[in-house]
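Enquirer: Read top to bottom, the protein sequences are chains A and B. Under this note's numbering, the first residue of the first sequence is numbered 52, with each subsequent residue one higher. Under this note's numbering, the first residue of the second sequence is numbered 52, with each subsequent residue one higher.
Treat the hints with caution; some may be incorrect.
[Stated by the list, open to error] Derived list of chain A stretches under chain B, where covered just means 3 residues or more per stretch with a C-beta under 8 Å from a C-beta of chain B:
| # | segment |
| --- | --- |
| 1 | 116 to 130 |
| 2 | 201 to 214 |
| 3 | 272 to 284 |
| 4 | 289 to 299 |
[Said to hold, decoys possible] If we take Cβ atoms under 7 Å as the criterion, some of the chain A residues that face chain B in the derived model are:
| # | residue |
| --- | --- |
| 5 | Ser71 |
| 6 | Thr164 |
| 7 | Leu171 |
| 8 | Val175 |
The hints are simulated quantities; they were obtained by calculation from the structure and are not laboratory data. The C-beta atom is built at its ideal place from N, Cα and C for all residues, glycine as well.
Below, each chain spelled out in residue letters.
There are 2 protein chains.
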Amino acid sequence: MPHQSEFDTALAVTRSGATSYDALLHDGWRIGNSVNGGLLLSLLGNALRDLCAPLGHPDPLSVSAYYLSASTAGPAVIETEVARNGKTMTTCQTSLIQAVDGVPTERLRALATYGDLGALTDAVHLTPEMPDVPPPDRCLSSADMPDTFKAAGPFLQRVDVRLDPSTAGWAIGERTAQRGAIQAWVRMPDGREPDPLLLLMMVDVLPPVTFTFGHFGWVPTLELTAHVRGRPEPGWLLVRHATRNYSGGLLEEDAEVWDSSGRLVAQSRQLARAPRRRAP
Amino acid sequence: MPHQSEFDTALAVTRSGATSYDALLHDGWRIGNSVNGGLLLSLLGNALRDLCAPLGHPDPLSVSAYYLSASTAGPAVIETEVARNGKTMTTCQTSLIQAVDGVPTERLRALATYGDLGALTDAVHLTPEMPDVPPPDRCLSSADMPDTFKAAGPFLQRVDVRLDPSTAGWAIGERTAQRGAIQAWVRMPDGREPDPLLLLMMVDVLPPVTFTFGHFGWVPTLELTAHVRGRPEPGWLLVRHATRNYSGGLLEEDAEVWDSSGRLVAQSRQLARAPRRRAP
């Protein structure tokens with residue numbers, strides 16, 4: 052039996068009722084005070100996959116999550132509900148709940164539409180080219196980043212990130228050439244290949260684009276919507292995060308993810324709170 | 052007593068229980084087979100405003116709506132729920148429900164976070180400039196569009212739309228210079244000035260960007276998330292719709308809305324189904 056990847060271990064859910072699941076959050080996926088928000092999206096996505104796959108709709112097409120409180124290592128319960136089961140899509144809802152001093156506390160609530168990515172047409176009327184980024188071995192590896200960054204949490208060892216040098220000046224104490232954008236090759240260190248569930252995490256794995264402004268504080272996600280547009284090919288993914296509107300104490304951050312064939316396979320946008328602390 | 056605008060009339064809700072409201076959808080806001088999706092967002096936004104304003108959070112910061120079935124003229128019920136009431140924000144949920152042959156049928160389900168736009172900081176680290184568009188009187192008025200377009204529904208008379216000629220070739224039978232984007236000045240014909248609730252509608256008032264490809268069929272929204280980033284100044288709004296990924300029978304469509312002072316006051320992204328019919 053093949054060894055299970057650590058990502059699939061983290062995504063494991065056990066059905067505990069008609070529409071509820073048990074899960075276990077691991078401290079190894081923590082960044083700052085919370086389990087990585089992208090991993091939580093993948094976890095909820097896996098429970099919804101279990102719910103929607105028997106309806107013929109195994110793939111997340113769109114997931115919109117509202118982050119209510121910081122998730123911590125330990126047991127969690129996932130509640131799910133089908134809102135509408137249509138011919139080509141199922142729309143559903145889910146919540147992630149943890150007990151805090153015995154009180155059930157909601158961490159995330161999400162709406163999602165599932166379908167069958169394999170049933171989509173091949174038509175391409177317009178799609179963005181993959182950005183021109185040096186190959187992974189000529190990028191800045193997350194493993195080589197200063198210890199002050201790596202101290203942010205063990206999540207940084209979970210994903211192999213290779214930052215495009217033109218968007219990574221902040222990581223080596225220099226002014227960043229491209230402010231407001233970060234690009235990187237990403238893959239799982241244990242060889243776990245990308246699929247739609249991994250894409251849900253990959254839209255939130257890079258450092259926040261506020262780092263390119265020299266603003267190194269915590270940037271909590273308020274809302275994140277991910278659209279999965281295709282089943283990715285094996286190999287490296289290229290992820291680009293960018294903001295257009297960083298103002299008023301908030302920012303939107305868009306992610307685009309291309310697979311190794313150069314196809315845009317996921318897009319996301321989040322609304323996040325700007326960092327309150329500026330020092331690393 | 053001042054005359055109530057037709058937008059505010061359409062948004063009227065009457066509390067019918069602790070967390071439920073009655074509303075009436077008017078045929079005058081129909082486009083195609085359904086009431087305009089942006090108006091429905093404003094309507095749900097108004098019910099949530101009633102719920103969240105007493106908690107100190109009168110303004111929508113983020114609203115994510117999943118469109119489940121086509122809304123029709125007639126009575127509707129709006130159910131609401133507070134998911135989390137925090138110090139600076141309240142996250143809530145809402146559903147729009149109509150009876151179909153006596154069976155309650157859900158039209159939209161949405162998650163939203165409300166706050167106080169007046170309490171945001173003035174900091175601007177990055178924000179996009181308003182696009183350079185000719186003044187409204189040198190743009191193509193929606194009132195001058197061919198009757199084949201106006202036949203799509205009475206909604207087209209509800210909003211005064213002035214299309215940037217460089218993105219409107221499709222409306223006069225010419226090839227569009229900028230494929231994948233539509234820009235226009237918009238305002239309410241009866242002088243109703245913009246506010247955060249009107250912005251929720253304004254992110255979905257322009258024709259779909261698929262028109263710039265000569266694809267004139269119906270483009271149903273699956274999911275739409277709007278972020279309101281500021282209280283708009285009175286006057287014309289400039290709205291830009293653009294897609295980057297129109298493929299596989301789906302497209303994402305982003306909207307950006309600038310107020311008359313040139314400030315970006317709203318952003319949105321929707322996932323929509325590509326048109327199946329190509330003829331107008």
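Enquirer: If a hint holds in the structure, say so; if it doesn't, say that too.
Expert: How the hints compare with the structure:
no.	hint	verdict
1	116 to 130	holds (count 3)
2	201 to 214	violated (count 0)
3	272 to 284	holds (count 6)
4	289 to 299	holds (count 6)
5	Ser71	violated (17 Å)
6	Thr164	holds (6 Å)
7	Leu171	holds (4 Å)
8	Val175	holds (4 Å)
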